[in-house]
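Q: Turn these sequences into a full structure, and let the hints guide you.
There are 2 protein chains.
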Amino acid sequence: MNLKKVGEDPYVGETLQQSLSKWLTPNDSFYVRSHFDFPKISKNEFELVIDGLVDHPISLKLDDLKKLPKKTLSATLECAGNNRSDLSPAVPGNQFSNGAVSNAIWSGVSLRDVLNLVNLKESVLQILFQGADSGETEKDNPHEPYLRSLSKDMAFDPDTLLAYEMNGEDLPIEHGFPLRLVVPGWYGMASVKWLTKISAIDSPFKGYFQGKKYVLKYTDGTQKPLEEIQVKSLITYPEDNSSIDQKKISIQGIAWSGRNSIESVEVSLDSGQTWNKAELVGPSEKYSWRHWQYLWNVPSDGEYTIMSIAKDTFGNNQPIESVWNELGYAVNGSKPVNITVE
Amino acid sequence: MNLKKVGEDPYVGETLQQSLSKWLTPNDSFYVRSHFDFPKISKNEFELVIDGLVDHPISLKLDDLKKLPKKTLSATLECAGNNRSDLSPAVPGNQFSNGAVSNAIWSGVSLRDVLNLVNLKESVLQILFQGADSGETEKDNPHEPYLRSLSKDMAFDPDTLLAYEMNGEDLPIEHGFPLRLVVPGWYGMASVKWLTKISAIDSPFKGYFQGKKYVLKYTDGTQKPLEEIQVKSLITYPEDNSSIDQKKISIQGIAWSGRNSIESVEVSLDSGQTWNKAELVGPSEKYSWRHWQYLWNVPSDGEYTIMSIAKDTFGNNQPIESVWNELGYAVNGSKPVNITVE
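Chains A and B, in that order, give the protein sequences.
In this text, residue positions in the first sequence follow the numbering used here: the first is 1, and each later residue adds one.
In this text, residue positions in the second sequence follow the numbering used here: the first is 1001, and each later residue adds one.
Bear in mind the hints are in silico, worked out from the structure with no lab data behind them.
There are no misleading hints in this set.
Now the stretches of chain A that chain B is said to cover, found in silico as 3 or more residues with beta-carbon under 8 Å: (1) 18 to 25; (2) 71 to 77; (3) 164 to 173; (4) 272 to 284.
These numbers come from a predicted model, not from an experiment.
Note that the Cβ used here is the ideal one computed from N, Cα and C, for glycine as well.
A: Laid out in structure tokens, this is it:
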């Protein structure tokens, strides 16, 4: 994999800065965040069980899924802990810089089409997803699988996918081969990898990765489970702490916001005092990041602090400063880039 | 490469049927049509010369190009000879079935931004593009390079690219490493691979690959050079001559039309007597094919001939029958798929 290693056992890696400038992230450059070791699943032995509060529990082979209508969409996934290392004071967890975000084209079937095969009972409140990966969540805890739930509404959203292809290839093992839930617009923890079981349940799921982790815990005591990716932008060129000997610089970056489109990106060349509208460029797909650029005629040699902020079509503004929280999630403040023009 | 070989010396291959069902064609599955052997160009030695009727001829390294604003778009390329083997009577040339069409995400710079570096003289009419590949165009002809021109208008279209990335990777050698002209919406012959020279000229270019080949020559004597890709659709599932033991079949396919969007696709289940509107699904990008599907409740076992036709937003209709022409180009008639339901 073409990544910057952030953690081991299980492997965690973030996308390299030079790959963030690509609209499509190649599979081997797509950030990896797992909770347990990658489980090896053979394509032929794979079975997806759908059970719980349903009229007819079923089990589907990969070929059964491939006979259902194929659905393709592009979606940017971001790890909830991306940019965690920007927080001060520091918080525990994988110390991601800004590379735990990537964009791919996912193909599979609508989860809805699969749920419609089993007839849910009226009492169903949530759908629970189980990965084939398992282990200790904390030292000396019993082994348990990776589990996350979605509300019935989100589960029946036609864009919630059971994906078997990523960028036209079979899913790589580190991204959930052979089947992964993809919840477009939500932080990556919702997109359960190595999916092997789907259960209809009648009460809110409160397991480790939903009740204890992946919760925003603010200093005032309020708590909120992580769901939709917050509006954010990054500068991908120039690099932080670089020197440039040009007077015309094409500042480039990316911006994204969960299930909303990006409305505008503004760039500051003076540490945030004044702001200039950037041009949005490249593919414009609902759940994917948008490229932007700003052609800057540098007035004179010197040191500059460049910043960017994005706004989405729902009126959400990227904050200048990230809001500190105990576990370091949803860190979306403007990330300054310092350069020297000489 | 993961292709069906169609020709040798130089290698020609078409995309496999199972890969046509993917919105994004992975690089190793993208059809290959070349006119001469692949030239090997080293990244460091590469230079792009821009000369002819310009104030300041220049030569650019790859790194110079990468400092210009980066432009990304997705585009479907189709070889002008795709589906040539459907014509009757047969015509000479590579006998493509329907796989000489693929879709990728291309990144590079606007050709316009590069041309603006040199100041064209007023007399300039066309821009000529030269590949590093060369050879005999016909037996005993002198060696010559691959050459194609564009009108000034097309050359200055902001979407005409000098691409150095394909699906987020460096261009593979067979697709023109390190630099390829990409003319979105035009048949593939316009997207000159291994681009090494761009010349501003003041008369229409009439070379071998523009005046003699890649010309529609109809039986009534009319001739027309190939430019924009004609509206077309294909069925990607089920496969031709297959047997299916299901009564609910998700018919799937692709449709595309040069620089226009697809407005609708219709599917016939009775050899073209009656037509049903298909659903357009997946990414909708200006220059890329669109996926479509039609859920068919099969009335009874038997043999069926399935067909599809597309219409674009400009009002162009895909014909039922292809129009025969001497060199077998732009073959875009509806391609029937025969299946047995049992």
